[in-house]
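Asker: Quick note on numbering that gives the first Met the number 0: the sequence shown kicks off at 0 and runs consecutively.
I should point out that these hints are in silico values taken from the structure, not numbers from a laboratory.
Note that CB positions come from ideal geometry on N, CA and C, so glycine has one too.
Wrong hints could be hidden among the right ones.
As the list claims (entries may be wrong) - FRET-style restraints, in silico, Cβ to Cβ:
(1) D28 / E118: 43 to 49 Å
(2) K115 / A51: 33 to 39 Å
(3) K107 / M69: 38 to 44 Å
(4) L65 / T90: 16 to 22 Å
(5) L65 / R122: 19 to 25 Å
(6) G14 / G85: 34 to 40 Å
(7) F113 / L36: 30 to 36 Å
(8) L65 / E111: 17 to 23 Å
(9) L123 / E24: 28 to 34 Å
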Amino acid sequence: MRLVDTNIILRWLLGDHRELSQTAEQLVDRAKNASLLVTDVVVAEIVYVLRATGRDRQQVSEALLLIGRMEAFKYENEELIMKVIGLLTDTNLDFADCYLLAKARQEKLGLETFDKPLEKLYRLG
């Protein structure tokens with residue numbers, strides 16, 4: 000297993016750089032059995048870049064789901080990331096708040112925040 004950096008995934012997803020996108024695609028095509036580990040930090044960076052380049056929440060969620068379906072990739076915390084994707088799709092919370100809410104629910108942890116929408120969703124369970 001190898002860690003994969005955000006830039007590899009973005010070049011593969013976006014196909015926006017002739018040489019690097021082709022190299023990324025070849026890397027993904029050669030990777031077998033979930034050999035590329037996608038950390039939570041990389042997921043956060045993917046979300047940030049996709050949103051900063053004009054992708055809406057649905058497009059970001061679809062991109063993350065595509066990564067999760069690919070044989071080459073394995074999310075570091077797949078169950079948690081799938082819950083985060085659901086929250087991204089179903090709420091107006093940003094990625095960090097979706098992550099905190101999903102983590103608090105999954106681990107049955109308390110959550111301290113000044114963010115009213117996040118607090119409300121947390122209290123709803």
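Asker: Please check whether F113 and L36 have a Cβ separation lying inside 30 to 36 Å.
Answerer: 34 Å, holds
Asker: Please check whether L65 and E111 have a Cβ separation lying inside 17 to 23 Å.
Answerer: 34 Å, violated
Asker: Please test the hint of 19 to 25 Å on the beta carbon pair from L65 and R122.
Answerer: Since the Cβ atoms of L65 and R122 sit about 33 Å apart, the hinted range of 19 to 25 Å is violated.
Asker: Range hint 43 to 49 Å: satisfied by the CB atoms of D28 and E118?
Answerer: For E118 against D28, whose Cβ atoms are near 44 Å apart, the range 43 to 49 Å holds.
Asker: Note whether the CB distance of K115 and A51 lies within 33 to 39 Å or breaks it.
Answerer: For K115 and A51 the Cβ distance comes to about 25 Å; the hint is violated.
Asker: Taking the beta carbons of K107 and M69, is their distance inside 38 to 44 Å?
Answerer: Given a distance of about 31 Å, which is not inside 38 to 44 Å, the answer is violated.
Asker: Given a hint of 16 to 22 Å, does the C-beta separation of L65 and T90 actually sit inside it?
Answerer: 21 Å, holds
Asker: May I ask you to test the hint 28 to 34 Å on the CB atoms belonging to L123 and E24?
Answerer: 42 Å, violated
Asker: How does the Cβ-Cβ distance of G14 and G85 compare with 34 to 40 Å: does it lie in that range?
Answerer: Violated, since G14 and G85 (Cβ atoms, about 27 Å apart) do not stay within the stated range.
Of the numbered hints given earlier, the model fails hints 2, 3, 5, 6, 8, 9; all others are met.
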